[in-house]
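Colleague: Chains B and C with the ligands: place on chain A using the hints.
Residue numbers (this note's numbering), protein chains in the order written: chain A, 1 to 417; chain B, 418 to 753; chain C, 754 to 1296.
No lab work stands behind these hints, which were simulated from the structure alone. Please note: incorrect hints may appear among the correct ones.
[What the hints assert, rightly or not] Under the rule of at most 27 Å between Cα atoms (straight-line distance), these lysine-lysine pairs were calculated in the DSS-like manner:
(1) 677(B) with 699(B)
(2) 718(B) with 677(B)
(3) 952(C) with 881(C)
(4) 1265(C) with 718(B)
(5) 925(C) with 677(B)
(6) 715(B) with 1192(C)
(7) 715(B) with 735(B)
(8) 715(B) with 1290(C)
(9) 1265(C) with 450(B)
(10) 533(B) with 759(C)
(11) 782(C) with 718(B)
(12) 881(C) with 925(C)
(13) 1126(C) with 952(C)
(14) 393(A) with 358(A)
(15) 43(A) with 735(B)
(16) 677(B) with 748(B)
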Amino acid sequence: MLKQCEGSHAVAEAVALCRPEVICAYPISPQTHIVEGLGEMVKDETLQDCEFINVESEFAAMSVAIGSSAAGARTYTATASQGLLFMAEAVFNASGLGLPIVMTVANRAIGAPINIWNDHSDSLSMRDCGWLQLFAETNQEALDLHIQAFKLAEEISLPVMVCMDGFILTHAYERVDVPTQAQVDAFLPPYEPRQVLDPAEPVSIGAMVGPEAFMEVRYLAHARQVQALERIPQLAAEFKEIFGRDSGGLIRPYRCEDADTIVIAMGSVLGTLKDTVDEMREAGHKIGVLGIISFRPFPLVAVAAALKYCKRFVVLEKSLAVGIGGIVATNVRMAVTGMGLKGYTVIAGLGGRAITMKSLTAMLDKAGRDELELVTFLDLDWKAVNKQIEREKTHRKTGPVAEALLRDAGIVGARNY
Amino acid sequence: MSFQPVKFYQTGTFTVGNRLLAPEERSVQASGKRFNSINSGHRACQGCGEALGARYAIDAAMEATQGQLICANATGCLEVFSTPYPETSWQIPWIHSLFGNTAAVATGVAAALKIKQKKNPRAQEIRVIAQGGDGGTTDIGFGCLSGMFERNDDVLYICYDNGGYMNTGVQRSSATPPAARTATTMAVGPEPGNVFGQGKFVPAIAMAHEIPYVATATVADLRDLEAKVRRAMEFRGARYIHILVPCPLGWGTYSSETIKMARLAKETGIFPVFEAEHGEIKSALAIRRQLPVEDYLKPQKRYAHLFGKQPNVAVIAKLQALADRNIRKYKLLEGV
Amino acid sequence: MTMMDKPFAITLDPGSSLANRTGSWRTYKPIYLDRLPPCNATCPAGENIQGWLFHAESGDYEAAWRSLTENNPLPAIMGRVCYHPCEGACNRQHVDSAVGINSIERFLGDEAIKRNWQFVKPATQSGKRVLVVGAGPSGLSAAYHLARLGHTVEIQEAGPFAGGMMRFGIPKYRLPREVIEAEVQRIVNLGVTITLNTKVSNIEASMQAGKFDAAFLAVGAHIGKRAYIPAGTAAKVVDAISVLRSMEGEEKPMLGRRVVVYGGGNTAIDVARSVKRMGAEPIIVYRRTRDKAPAHDFEIEEALQEGVMVKWLSTIKQAEEGEITIEKMALDDKGFPQPTGEFETLAADSVVLALGQDVDLGLLDGVPGLDVKDGTVQVGPNMMTGHAGIFAGGDMVPSERTVTVGVGHGKKAARHIDAWLKGETYAPPPKHEVAAFEKLNTWYYSEAPHVVRPTLDILRRQSTFEEVVGGLDESNALFEARRCLSCGNCFECDNCYGVCPDNAVIKLGPGKRFSFNYDYCKGCGVCVAECPCGAIKMVPEEN
Ligand SMILES: Cc1cc2nc3c(=O)[nH]c(=O)nc-3n(C[C@H](O)[C@H](O)[C@H](O)COP(=O)(O)OP(=O)(O)OC[C@H]3O[C@@H](n4cnc5c(N)ncnc54)[C@H](O)[C@@H]3O)c2cc1C
Ligand SMILES: Cc1ncc(C[n+]2csc(CCOP(=O)(O)OP(=O)(O)O)c2C)c(N)n1
Ligand code: SF4
Ligand code: SF4
Ligand code: SF4
Ligand SMILES: [Mg+2]
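Isolated chain A (complex conformation) (with noise of 0.2 Å):
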């Protein structure tokens, strides 16, 4: 049924067609707004059959998730930024026991400085916790990449996390194809859990493991997260049998057949840049775009056959591994060792700072032109940046060589006051 409405809402209704059980939130912008319509959900009985935990903590959430996993109910959480780091704890724990919990995280920028507003660095500070990481590219996709988030962590035994972003999805009222219960009843099955509490049949959960055996249970994890590669591919396929939709899936190339330039991002961005690119074609540019719905499990392969015959890439992040540069980019890097292309790497849209068409084409034309930085931060305000190093290296008697690899490596904190 199509509808327009608010891409938090459009989740929650996702979230509530997969008949979760158990539901625990703790509120955080910008993800209330899921919780909340869940939580009506639940209190006006249109959603049956669950329970709705208003924890003290995102810590708490996590945990109780973990619980109610264990004990084999479906069950999902919301979170974003510092929420998601303050559960940190128990989101590698809720991995490392195999538990599939499907988590929205609504990204958001992390504090210091305090920050509401979208770019991907929560998701990506969680991205070696084990989880599976789906970014959705629109609200139609986000809605669709719950339903099958439940499937894929349930078949595999691993939480899948989907990355939405903050505000620019959640808060953003589009057109959005609900599908019926029914439909999503034919594409997952009731959960049955691969382990469970229950006194029929004790086991003990979480166990201590040692150095005899804790390499091998981290292998496993890999190993599992490496076979969703395979199956992920398939359950969109499947889906798209059942809704009729391409949603999911791995990557997602655009106009990439015979470009020179492929321009690589996850999220909501990806919209803006295929019309950049659709601008840029228009002007002759051989350039394309590929999305990155998986983040983990990576597809090395996919994105290496994706830029098997460009020139050049550029990642567009919205994430800032602080010291280096990006943290999709790395990834990226690591699927092409071997193959010589050009990579440049473009932190962009931080703290929700804007991402223009203008800035994009922009920088792309540069990159086409191979005259990008290797470490680009887009839109960066040189002037108050350059004006706070100049008064940092008189008060603060920071030494010329260190500033000197600061601006090496592009890297520079600046702050406004």
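Modeller: Then chains B and C with the ligands, alone, in the frame of chain A:
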């Protein structure tokens, strides 16, 4: 003529069993068919009070629920000594997640069970217990615990209080008693041992949440402990039992004296044993043979600095004052 | 549900830690043992007191009685007259007060009489014949044990009744005669022949005549000791034993109203209390103080309650018709009474001497090999006299003179006679270490004050020979039995089973006690510390 109107059974209910009592009046632990929820082969130290307390409590809960029990366990000695790969001592469904989230994990389990029950009302009902050490309860897990209390989630939380972070090598927790030596409150300097802080007696804090049931117990009073677990399982909602479990390693006591130390803690008044419902005290286990706190302190190496050539009478008096206060506050001489 | 596809290593099968044998940690190990309860250790009759109390505690009085009579065939008597040294040793006295062992014993004895419980006859007979001389407690005990061992036993008794000094010495108000009769009859029912009014004057002759293979002598000590008291011809001076003995006859002795009893032992008290009941006014004269008197204090107390007068620190200097002269004594530094030269006269119609008894050894005249010292027959550790096949016990051999010692001698002699008849020597099993109070953990025992036996009201005590001290009824006998701490012997309290942090104690089921699972016992010693009765100990692990 009869001189003795009351029934008298030699050891009455002080001992675990007592062949003179009818089987139904014996303790769970006396039964040859008790669950042994935590099995032999665990790696707790010799004479570990926590291993004992856990079996006492969980077996009692298993009895009360006819084996329909799931248990969430915090990181700590109990977890480490019971479940090192490739062996577990637990014979019940059991989960360990983290150090500080056990109450929340249990909430999650309870929530899942509630829905399962709703979907299948004819299935046998399953109850949930969370358990952890004092560190996992009164310190790092306190937020989750309080949240669980406040929401009145249907979980019985059991804290095994051995007065410190024992698993990491006997460091101070907020349940470490004043003056006690730990690895982070060494018996050195002008005020050796743990500080006399404000104290953090979680049973009282639990009572402030006015949850249905709060109780304290020790491994020295098995019947009382079992009765409290049984009582706790009669309630729905959040319940809390705080069990004093002496730790031979951390306290510096003989492994054989674990139960004796718990008994002394209770008989001196240092550890009040009582129960409360909905925030109000319902009963206190009376001191049977009152003793001065020295009798409790002296056998413990963690207090050895109080009994050097020159006993530290001032500190001992302060500790006695704490015991006296408990005795007044909880009416431990009369019992209620 | 289907078997789970469990994640590797993090999810484990239940109870699998059994694979980890923590027993290897141990340097000391607990072992169960039976320690000797102090009561048992002290009982002159060698009763397994804790053992029979164990049955009494569960209300199985017949089992208790059967266990008791393994060692002592006279519980109803013993429950009245034994001075119960066991209670003096009882560990419970350090908790509140000793267990009333004696009163429970009496309860069991009376219960047995009431319910007519009988001894089980031996399955086979040995064909050997044993002569027992004297039907006092020692002779009766020996006869009982010998009969149970399958021997043919005849008791030859000089007097007209069986019971010895229990009958002719101990007054009725302490030991009703029906009780003696019932317990003697039960021994007769077992197959023992008692031939009354048959004084053995030559033991060898009697043995030959009856073709006996062995003999046990228990003739007691019946000759009243005399002291020299200057006395006028009209003064009436008699000995206590004859007075007491005459109580048993129809004709009561003519002692007058004011009877002076001379002596401080139990016999003096018994005489004084007896004549009080016959309407006289007895005065005991004793040369030392009350606490130095050999009589048991409770007997002195009972006598005083009944109105018996006592002149402590006094000796009789002179006895005349109607009065005596006594001299006041004073204790010297060593506690010996010394004359003070202060005199007093007392009205006295008669003087009864209660100064102890000697043994009549006439029946042993001419028997070779005997060793007689201080008027008693010497016996070896096996109770045999210097003459092979002739054994002796009770008051006639050197020892404390009590019914209980006599019974003990009888039992011991019977075992040795049995062995001797088989050409063997009897070796008693080694004694366990004593369960001293420090071995107990008395925390576990419920508070329970001693049950006081009912006593007859004072008026009736002064005028009748009715039994003074009553028995316990079922409920308070049970209560009293349950006061037993079961020192040193497992009473199945389940503590060890319950308190082991490693579940290393195996419960074997009712009556079967427990065993250790050394695969898992870490040797912490908690079970030892928490065993109420000291039935477990730690021993070094042998390597
Ligand atoms: C007044 C009094 C009160 C006592 N009260 C107590 C008491 O309360 N508790 C206690 O424990 N003890 C008491 N005693 C001591 C106790 O009675 C004796 O120690 C005990 O009876 C000794 O037992 P026995 O079998 O050795 O001898 P006896 O009981 O003296 O029995 C010996 C028997 O042998 C018979 N006899 C003797 N010579 C011959 C012979 N030649 N041929 C055949 N038969 C013979 C006698 O007639 C007698 O029946 C008391 C003693 C007296 C005198
Ligand atoms: C978040 C976190 N911090 C610290 C630890 C280290 N740690 C593990 S157990 C433990 C002490 C446990 O103390 P307590 O809860 O009292 O249990 P005990 O071992 O005394 O039974 C600590 C500090 C941890 N596992 N997790
Ligand atoms: S350190 Fe203490 S709590 Fe931990 S296992 Fe040893 S005795 Fe038990
Ligand atoms: S603790 Fe109890 S059951 Fe165990 S040996 Fe001692 S008396 Fe017997
Ligand atoms: S309590 Fe258990 S582990 Fe300790 S010594 Fe006794 S049997 Fe062994
Ligand atoms: Mg602790």
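Colleague: Now, for every hint given, state plainly whether the structure supports it.
Modeller: We went through each hint and held it up to the structure:
In summary, the hint linking residue 677(B) to residue 699(B) is supported, as the alpha carbons are separated by about 26 Å, within the 27 Å threshold. The hinted pair formed by residue 718(B) and residue 677(B) meets the criterion: a straight-line CA distance of about 15 Å does not exceed 27 Å. For a cut-off of 27 Å, the pair hint linking residue 952(C) to residue 881(C) stands: about 22 Å separates their Cα positions. Between residue 1265(C) and residue 718(B) the CA atoms are separated by roughly 40 Å; this puts the pair beyond 27 Å, and the hint is violated.
A distance of roughly 52 Å separates the Cα atoms of residue 925(C) and residue 677(B); the hinted pair therefore is violated under the 27 Å criterion. With a C-alpha separation of about 21 Å, the suggested pair residue 715(B) and residue 1192(C) falls inside the 27 Å cut-off, and the hint holds. Restraint check for residue 715(B) and residue 735(B): the C-alpha separation of about 15 Å stays at or below 27 Å, so the hint holds. Our distance criterion of 27 Å between C-alpha atoms is met by residue 715(B) and residue 1290(C), whose separation comes to about 24 Å.
Taken as a hint, the residue 1265(C) and residue 450(B) pair is honoured in the structure, with Cα atoms around 16 Å apart against an allowance of 27 Å. Restraint check: the Cα-Cα separation between residue 533(B) and residue 759(C) comes to about 21 Å, which is no more than 27 Å; the hinted pair holds. A C-alpha spacing of about 24 Å is found between residue 782(C) and residue 718(B), which places the hinted pair at or below 27 Å, so the restraint holds. For the hint pairing residue 881(C) with residue 925(C), the CA-to-CA distance comes to about 37 Å; that exceeds 27 Å, so the pair is violated.
Among the hinted pairs, residue 1126(C) with residue 952(C) is consistent with the structure: their alpha-carbon atoms are about 23 Å apart, no more than 27 Å. Between residue 393(A) and residue 358(A) the alpha-carbon distance is near 34 Å, which puts this suggested pair outside the 27 Å criterion. The suggested pairing of residue 43(A) with residue 735(B) is violated, with an alpha-carbon distance near 53 Å, which exceeds 27 Å. Between residue 677(B) and residue 748(B), the direct Cα distance comes to roughly 22 Å. Compliance with the 27 Å bound is thereby established for this hinted pair.
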